[in-house]
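Chains as they are written, first to last, in our numbering: chain A, 31 to 185; chain B, 32 to 183.
Simulated from the structure, these hints should not be mistaken for lab results. No residue lacks a Cβ here, since even glycine has one placed at the ideal position from N, Cα and C. Be aware that one or more of the hints could be misleading.
Claimed, not checked - Examples of chain B residues toward chain A, derived with CB under 7 Å:
1) Leu62
2) Ala121
3) Tyr157
Each chain is listed here by its residues.
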Amino acid sequence: MRNPFSMGRTPQKQEVDINLASIIDCLTVLITFTLASASFLSIGVIETGAASVNGVAPAKTPAHVSVVLRNDHSIQVNVRGSFRQSVQIPSGNTAPAAWNLANLGVTLDTWSKAHPELLKSSATIESESAVPYREIVRAIETSRKTVAWVALGGL
Amino acid sequence: MVKRTFLKRPAIEEDFSLQITSMADIFTIILIFLLKSFATGQFAFSPSKGITLPVAVGSAAQSEALKVEVSRDAILIEGRPIAKGAPALARAFQHERKRQNLIVSKNPSVSRDARILIVADQEVPYSDLRTVLTSAATQGYTDFKLAVAGRN
Numbered sequence: 031m032r033n034p035f036s037m038g039r040t041p042q043k044q045e046v047d048i049n050l051a052s053i054i055d056c057l058t059v060l061i062t063f064t065l066a067s068a069s070f071l072s073i074g075v076i077e078t079g080a081a082s083v084n085g086v087a088p089a090k091t092p093a094h095v096s097v098v099l100r101n102d103h104s105i106q107v108n109v110r111g112s113f114r115q116s117v118q119i120p121s122g123n124t125a126p127a128a129w130n131l132a133n134l135g136v137t138l139d140t141w142s143k144a145h146p147e148l149l150k151s152s153a154t155i156e157s158e159s160a161v162p163y164r165e166i167v168r169a170i171e172t173s174r175k176t177v178a179w180v181a182l183g184g185l
Numbered sequence: 032m033v034k035r036t037f038l039k040r041p042a043i044e045e046d047f048s049l050q051i052t053s054m055a056d057i058f059t060i061i062l063i064f065l066l067k068s069f070a071t072g073q074f075a076f077s078p079s080k081g082i083t084l085p086v087a088v089g090s091a092a093q094s095e096a097l098k099v100e101v102s103r104d105a106i107l108i109e110g111r112p113i114a115k116g117a118p119a120l121a122r123a124f125q126h127e128r129k130r131q132n133l134i135v136s137k138n139p140s141v142s143r144d145a146r147i148l149i150v151a152d153q154e155v156p157y158s159d160l161r162t163v164l165t166s167a168a169t170q171g172y173t174d175f176k177l178a179v180a181g182r183n
């Protein structure tokens, strides 16, 4: 049907071409900028706290696990509270010697099966002076699999 | 052996038209993917040069905290270098605490914060770290957040 308002003119067909070259230029610059400013390292945080500051004791839990990493690559683990346990984990059979944190995890897991209240307990990670930070983080990570709250001790 | 000919070869048509439309599509998808994976949170940080974070499974960093960087050579609090040793660290943390107390006194909606973000090199001995943590804890910074590099 003919448009009554067209006043006799024939409809004009308009072909619009988008200039893609300039869009590609913009996208290339944006991608380069994004890649340059992007951080590909995924950083997380481990939440912990101070177990005892100026003699203030940690919060009351059914039991308290104390983990001490020694300079001779041994780990001393003590549990006090609803039950008492104590064990010294020697360094693993690796060269160079390293703290046997896998054994720490197994020990805590075994104790938690015998004493389920350990799952609601807290732990304190202490360390002697020469122990690298990496091992302390690993000890916190291992302990957190069993106990509810882990804090840094000896402060 | 190459056969030589003196006959005129027909000219090869060199009209290569680049498919710009598909290229624009690809670039758009790449840009969207990069922007999607870009960290845009309010709390984005990256460790300073010379700090290798320990690898562990940690939760996502979601809140602002006082940033303390500990490398084998230096200690930085909020990017400012601090001399090694308990007295200098105690002064620095006391300064930060005073600054925060001033903000709290002027703005009641702000609460006193005990959070501290520890960005430490994985080889730093615990003796160095203990000095920092003890100084921080003495000034009320007892909520430690240890920055770690994710495993994936």
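Hints, verified against the model:
no.	hint	verdict
1	Leu62	holds (6 Å)
2	Ala121	violated (13 Å)
3	Tyr157	holds (4 Å)
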